[in-house]
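Enquirer: For chain A, the structure is supplied; the task is to place chains B and C on it using the hints.
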Amino acid sequence: MTAPPAVSIKNLRIALPKGAERPFAVDGVSLDLRPGKIVCVVGESGSGKSMCAHALMGLLPDTVSVASGEIQFEGRDLLKLDDDGWRDLRGRRLAMIFQEPMTALNPLMRIGDQMAEMFEAHGLLTPKERRAKALALAREVGLPDPERIVRAYPHQLSGGQRQRAMIAMALALEPAVLVADEPTTALDVTTQAQILKLIRNLQRSRNMAVMFITHDFGVVADIADQVVVLRHGKVVEEGPATAVFNEPQHDYTKALLAAVPSMDPPPRKPLDDQARAVEVIGLDKTYVTSGGWFREDRRVDAARAVNFNILKGETLGLVGESGSGKSSVARLVMRLIEADRGTVRIGETDLTQLSGKALRAERHRIQMIFQDPFASLNPRRKIGHIIADGPIAAGTAPKAAFDRARDLLKMVGLDAGALERYPHEFSGGQRQRIGIARALALEPEIIVADEAVSALDVSVQAQVLRLLEDLKARLGLSMLFITHDLRVAAQICDRIAVMQRGAIVELKPTAQLFAAPEHAYTRELLAAVPGRKEQAPAA
Amino acid sequence: MKQFWKSMLKSPSGVIGLVILLLAISVAVFGPMLFPNSPWRMVQRPFLPPFTLGAVPLGTDALGRDVFAGMIFGARVSLLVGLVSTLVALVVGVPIGAMAGYFGGKVDDALMRFTEFFQTIPSFALAIVLVAILQPSIYSIVASIAVVSWPPVARLVRGEVLSLRTREYVQAAVVTGQSNTWIILREILPNALSPVIVLASLMVATSILLESSLSFLGLGDPNLISWGYMVGAGRTVIRQAWWITVFPGVAILISVLGLNLIGEGLNDALNPRLSREGR
Amino acid sequence: MLSFVAQRVLKGVIVLLAIVVLNFFLIRLAPGDPAVVMAGEAGASDQIFVKQLREKFGLDKPLPEQLFIYVKGVVSLDLGFSFRQQAPVAKLIGERLPATLLLTLTAFAISLMLGILFGTFAARFAGTFLDTGITIFALIFYAMPIFWVALMGILLFSVTFDWLPSFGYETVGANLTGLTHALDVAKHLIMPAMTLGLFFMATYTRMTRASMLEVKRLDFVKTARAKGLSDAVIQRRHVLRNALLPVVTLAGVHSGTLIGGAVITETVFAWPGIGRLMYDALLQRDYNLLLGVFVICSAMVLIFNLITDLVYRLVDPRIEFAS
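Residue numbers (my numbering), protein chains in the order written: chain A, 190 to 728; chain B, 209 to 487; chain C, 48 to 370.
These are calculated hints, taken from the structure and not from any lab test. In this text, a Cβ means the ideal position worked out from N, Cα and C, and glycines have one as well. Among the clues, some could well be false.
Restraint-style ranges between C-beta atoms, simulated for each label pair [claimed, not checked]:
1. C:Ser277 x A:Asn496: 56 to 62 Å
2. C:Ser50 x A:Arg457: 54 to 60 Å
3. A:Ala321 x B:Lys314: 50 to 56 Å
4. A:Gly217 x B:Trp390: 51 to 57 Å
The following block holds chain A by itself, in its conformation from the complex:
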């Protein structure tokens, strides 16, 4: 704590363009970055955390401008630098890694060349030495088969490998400060755990000051030395990580921490005597990408012999990483895509045997809530229509359908005025409520929720989860809950199925799964959940 700060941001204010919802994206933020320490800047979307990071790199978008404040680094104020001054510091003394490693790399350049550019930009080394350095860096960040990887193009790497390459690039010139803008948000949990460990190790061994931007308190718990909580562009709380976690001072911090779902599954009442609502037997689905006439086809197994059933009133969780096939299974159950083999039964009806009109007539029994609140509502239809279209298609009189839509909106906590408005007038959380109302309009027996809370901020996520639980209990629904987030699954599921490469590797009651995971992959997943050690206080 006594070391002098590497970077000192003082009273930074960044002005938004006229007509934005508030005048300043960042409003009077002060914070210090110290060598060898990681400062986590946490906040929900729109808190201005990313703006802070970009200001420190001099990479703010043209639409905003620094109104006042200073950023002290190595004896000068960065905000007074001209273009050449910035160019000299960027990459050499200040480095940055970004959220989306796919788009952050030039798709037309080999990884090694992009690393070598780091030296070239500052006129260092000969081309041959640069190549050797790139190879050494690739090895240092743990990229497998470095000789091959430096010659590869970005699309040939996995997400985790790309982020490693980005990190290698950032570290090339041994900068004093590393700015990491949500570097693990786009990655799976197991990959995230590895990348976090890598950043932590490199930062310690090189005594770097790190500014780490994130929205995820689990991640904060894992790597932060110092925490700064931002809200609407203002610092609401800051301090050492342990202090912020154990004795949060500000109400907002307390609320945020409380909203993080706990890893301890609450006790749930047994449902063994209930009848089966859904039965899934031997679902198989393989995607074949045609390779053309002279190339072999590429096959991806989205579902391999998937079996499960859901009891009346039960919530079954389907968890796994991206590409595990969990969303495909949801769509197979919904008959949005056709299975190669297998049966989906709802009550006594075999959904897989139906087609055309007969299928449409049965669809109301199983409804879906989607992931993206911005893509799941037709931007050109009013909310009233969005909710009532389904019942009207099923033969309900329009007037009755709209009356029911009004009641449903009330049920999900929106007022009836919403009927006449368009989706863009609502926030993400409100749209997700509308999506729930749409699903309930057809009075289904089963709800399939596909990552239904993943795109929401943590506080909104908690509210929507509570609403789902409540509605499910009141209406006696069964639910198939698809998520990548084990914390959410722990809170809402009666049983959990873990999927890997299209197959269910383990299916158990939630408490048992968390207490005694059997399959190696389940254990790996559980261990990778961020913030396990320093447990956030339960809600």
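Expert: Chains B and C only, in chain A's frame:
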């Protein structure tokens, strides 16, 4: 809708384009009523230079016909052919693209092979061959322009539908039991409209150019005067009478420019994402 | 790579066959007896030709058989006989093809180079007068019919200033050889090539500009800036290279339009290529020749598309994967 007009009127290219188009349309609609001189009739001595006689402001051609009258009557043909052939191309292209994109698989394969085939054929050459074989008339011209200009529509609509089809609100419509027709008409096409409108405005421009090129080569409807025909007729006497070729060409240039500007304005208004922002 | 080329060539051959079949039906679409149509409107004195044709193409046999005979003929490079010109169509086209290739390739090269150059400038100085100026010029060139540009060129550079010849491929009767001949041809080439190239130059300018502005906003450009690279390097290596991909695609798509433009340009400038040949065939209603030129034009477009596809593959490493 209000929002749309606001942003359309904010873009300078959109405003200029609209003004030009309105002007061209009013000339086409009202012009022949105000200047009932037949463009085919000899009204003065041949090769009368422009700006010498008030009655024939733009001079006369090799047969003593009024160039100004020809331009006014030509506006009708050019705009009509441009609009109608674009409409026909849309009527063919939109359903083909929508079906290919929505149903995917074999339907998509078959329809797209068909579309690609038409796109590979050099369009102007095909148009020439078609008009020549069907004998030049306003119908054969509209038909051949439509035949060569529908493939881009089909491809665009297919691309849009393909991406919209996987949108969650479309899936929501499927699971709430809507029929395919309903989904295509209510959920997908309205959201695919903006780029089609932009393309259509550019297609009208291209069609006008195509029509004028056909007429220039002597493949115009022999009973209707058009700008391209006038330029073609004045070509051989360009050394003596520049005005016969210059003025109709300017008319084509301005109309096409106006339509392109409208396309640009529409693009700015309908896809605001791309228009602003510098570096 | 090789298998890709093979695949594309095979596809091209199939398309070409389909075009030949289309041709077969087009002839039958024309009003009147196909044999008479093929012979051209040569009048009653050509009864013998018509009879010969009828036998050669088996016009009294059932339609599928006729189709087979026709396709077989085209495949063995027999595009028929032009009774108007008293020469085989294939020979006529063969004589004229080099001039067309010279014209179109020159126009293509000029338009692509200048278009990319101007587009880059406009994007680099987006929002300034330079950008506005380039954009306005591109818009105007984009709206001018090619035949009119040609005539205005003649009016300006031949009639008014007398700088450039207004027609032909070389100075008639000069009998020049070697370098002087090449220079003479080049002088004759300038106006047709510029005329044909102007429209495409405008197209590529607009495309390059829009594409560069689009790429500029992508994340990897921010990464490049975070590295401390200079603006010039970022523009050239990161922005321009990525921005050119859609321009390459556009060049492929436009090859058909280029051929169409050549028909008009060659007609106005009396350039002795297949476009001019097509116009002559058109005037004389020489359908055999017309359709022969049409098939060759389609083949040229197919070859051009194949080349742009290959270029695209060489520039974009991602394609190999997606196929």
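Enquirer: All hints, please: hold or fail.
Expert: Here's how the hints hold up against the structure:
no. : hint                            : verdict
1   : C:Ser277 x A:Asn496: 56 to 62 Å : holds (60 Å)
2   : C:Ser50 x A:Arg457: 54 to 60 Å  : holds (57 Å)
3   : A:Ala321 x B:Lys314: 50 to 56 Å : holds (53 Å)
4   : A:Gly217 x B:Trp390: 51 to 57 Å : holds (53 Å)
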